[in-house]
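Number of protein chains: 2
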Amino acid sequence: MKRSGKELKYQFDLNPLLKRLEELKVKRVGLVLPEGLKIYADYISSELKKHGYEVIVSGNFNYGACDVPSFEFEEECDCLVNFGHASLPIESSIPMIFIEVDFVFPYMELLKDNIDSIKKEGKKVGLVSTVNYVRELPKVKEYLESEGFEVVIGKGDIRVKYPGQILGCDFSSASKVSDKVDFFIFVGEGRFHPLGVAISTEKKVFAFDCDGIYSLNDYRDKILKERFGAIFRAKDSKKFGLIVSSKKGQKRMALAKILKRKIEDSGFIADIILMDEVSPDKIYGFDYDSYVICACPRIGIDDAKRYKKPLLTPKELEIVLDGKEDYFMDEIDQNDF
Amino acid sequence: MKRSGKELKYQFDLNPLLKRLEELKVKRVGLVLPEGLKIYADYISSELKKHGYEVIVSGNFNYGACDVPSFEFEEECDCLVNFGHASLPIESSIPMIFIEVDFVFPYMELLKDNIDSIKKEGKKVGLVSTVNYVRELPKVKEYLESEGFEVVIGKGDIRVKYPGQILGCDFSSASKVSDKVDFFIFVGEGRFHPLGVAISTEKKVFAFDCDGIYSLNDYRDKILKERFGAIFRAKDSKKFGLIVSSKKGQKRMALAKILKRKIEDSGFIADIILMDEVSPDKIYGFDYDSYVICACPRIGIDDAKRYKKPLLTPKELEIVLDGKEDYFMDEIDQNDF
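As given, the protein sequences belong to chains A and B, one line each in that order.
Residue numbers for the first sequence follow UniProt numbering, beginning at 1 and rising by one.
Residue numbers for the second sequence follow UniProt numbering, beginning at 1 and rising by one.
Keep in mind the hints are simulated off the structure, nothing from the lab.
What you are looking at is a predicted structure, and each value in this text was computed from that prediction instead of being measured.
Warning: the hint list may mix true and false statements.
Pairs involving identical chains hold if they fit within one copy or between any two copies, as the list cannot separate such chains.
[What the hints assert, rightly or not] Below, in silico cross-link-like pairs of lysine-lysine (DSSO-like), each with a Cα-Cα straight-line distance of 30 Å or less: (1) K19 - K257; (2) K309 - K50; (3) K260 - K50; (4) K239 - K309; (5) K305 - K257; (6) K124 - K161; (7) K309 - K282.
Modelling step: build the complete structure from the supplied sequences, incorporating the hints.
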C-alpha cells in the first residue's frame, strides 16, 4: 500500500464502493474529499479508472455530508462519492454515495491514566463522538462500565446516523439524554463539537483526544464571552446581511427569509446574500453593519474572529432584536430549508 | 446622492435597468457585483425593493461577465443583473442583464505631457481598453490624430462587444490589427491586459493610466521569465491536475478532456479537478505534481506565484509535453467549452 512520497494513513477498502457503482450502472464518478483526504484523490481516481470509470475530482472544500457540490457535478457525473462523512438526508438529482473512513484512535491509555479525575463528576456519563470515531464508543463504554460508571449513548434525530454521533449543527444525540447523565465525554478531535454539547446541554463536558481528557468549561466560558461581545457590537446595526450558503445541506433559505422579515419588521434593512463557500474576503467589500450566518453554525462561532464585522448566528440575532437573554446554540432544523 | 459613510463614486443610472426588468416581467432579481462595486449592493437593492422587486445579492467573487453564479441563483431568482461588465455570449437558464459602469479617467493631461516619448515609436498606433474605459478611446484617438498619429481601433471576435475592447482571455481586438500598427496603447487600469496584448501581438505596448504612459517591455520580459521557470519546474511531473472552474464562461471542460488524453498519451497521469473559485488553498491538499488552469488564463499567469506547485496554462502544457519553444498567450476559444 506504499506510494511514492506518501503512505496511506487510512484504510481505503474500495470494494464496497466498486460494488455499489456496479449496482448503480454508472460510468462517470464525481469524487468529493475533505481536506485531510484530498491527498488520496489521485490514488482513488487511479483505482476507479482501472475499473473503467471516468472520474472528476471536486476541488472545492468539503466540510461534511451537508457540503455537496452537486450543482457543478450533475452535468458531468452520474453519481457523487463523498469520503469521510456519514450520509445526511439531502435531496439530490444524482445518487450520492458516502464512504465513511475510520480514523485511528490509540488514546485509551490516556483515559485509563486519568480515570480518577472524572470519577468526582458523577456516576452517569453520556458518550458522544463524530462519525470518524463513533465506532470507538462501545470500547470506551465497556471500559467506563468496568470502572463503575453508568454509560448512556443517545440516539439523535433523523439527521444523525449513529447512536452517540453529533454534527457541528446537530447535538440531539446529547441533548436527548442530557437529563439522564451527570456529564458528557466527547471522543474525537477538535473543540467545536464538545463546545456545542456544552452549550446546548448546559452540562459539564470533557473532551477526550490525543491531549488526554480535559474539561471544556473554560473554553465554553471564553467563547460565550466572545459571543456576547459580538451581540453587543451588533446592537447599533441598521443594515444586516443574511448570509446563505448554496451548499445543499446548509442552504437555510427559508430561515433567512423569516429573519429578513423579522429585521424589516424591526425597522432595519436586510438583504439576503447567497454564496458558495463563506469566507471573510467575500464579505469585505459589502457595506452592511452586521451579518447573520444562515449556513453552517460553526462559521458564526469558530470563524467569527476572522471577520471585521459582527457575525451572528440566527439565535444570536434574536437576542439583538428581542433583547432575549438566554443563549441557545444554533442547530440546523429541517424547517430551515 | 450622498449616503451615510460612503459617497457614490460611480454614476448608477438605474432607470434602464428598471425598464428592462419591467419588460421581462420578473419579480425576483439576483444582483451580481465585482469587488469594487459590492459596497453599493445595499443601495441598489434598496432602490429595487422600492419598486417592488425581491432581491438576492451574490456574495461570490465576480471577475467578469464570464463569472456568472447562475447555478445558485436560478432556483431563487427570475433574472441575474451583473454590474460593471459587458455581455459575453453565455447560455443561461434565466435572463442575464449586464449594466456597464463607466469609470472616471481624468488622465489625458498625462498623455499630453508625455506625447514626445511615444512619437519615436512610430506613426501608427493601435488603441485597446477594457470595458470600463472603452468609451474613452474616441477621445484618445482624436488627440493622437491631432498629434500626427494614425490610430487604429480593431474589432475583436464574437466574445468582445466593443471596438478596441479586450478581455483577460481575448486579445483579438489587438491581434487582428497588429500588422497595421507600430505599437499599442492600452487605456485603463492594471497590467495584465496590456501584458496579454504584448505577448499575443509581440508588438511594443504602452500602458496609459494614473501613472502616466509607460512601456510594458520590462514587465513582459519578467513575466515570460517566470513562465519559462514554471515550465521548467513542471518538466519532471508525473501527475497533472487539470483545473476546471464551474463558472459558466470559464468552464473549459472540452479543453480539459483533450489535455487529459494528451497527458495520458504521453504516459503520465491526469485528473480533472472541478471547482468554483480557483484558489491556492483549494489545491494545497492534493498530491499532483503540476496543475493546468483550464479556467481564466489570468489565474495561470497573474496568480501563479501564490501556488506552491507549477501552475501552467494549456499552451504552456504543450511546451512541457511537446518541447515546443514558441510562447503563446492563453486565450479562451468557443471550442474550449
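These are the hints, each one checked on the structure:
{"no.": "1", "hint": "K19 - K257", "result": "between (43 Å within a copy, 27 Å between copies)"}
{"no.": "2", "hint": "K309 - K50", "result": "between (50 Å within a copy, 27 Å between copies)"}
{"no.": "3", "hint": "K260 - K50", "result": "between (51 Å within a copy, 16 Å between copies)"}
{"no.": "4", "hint": "K239 - K309", "result": "within (12 Å within a copy, 42 Å between copies)"}
{"no.": "5", "hint": "K305 - K257", "result": "within (26 Å within a copy, 42 Å between copies)"}
{"no.": "6", "hint": "K124 - K161", "result": "within (24 Å within a copy, 72 Å between copies)"}
{"no.": "7", "hint": "K309 - K282", "result": "both (12 Å within a copy, 25 Å between copies)"}
Hint violations for this structure: none, all hints satisfied.
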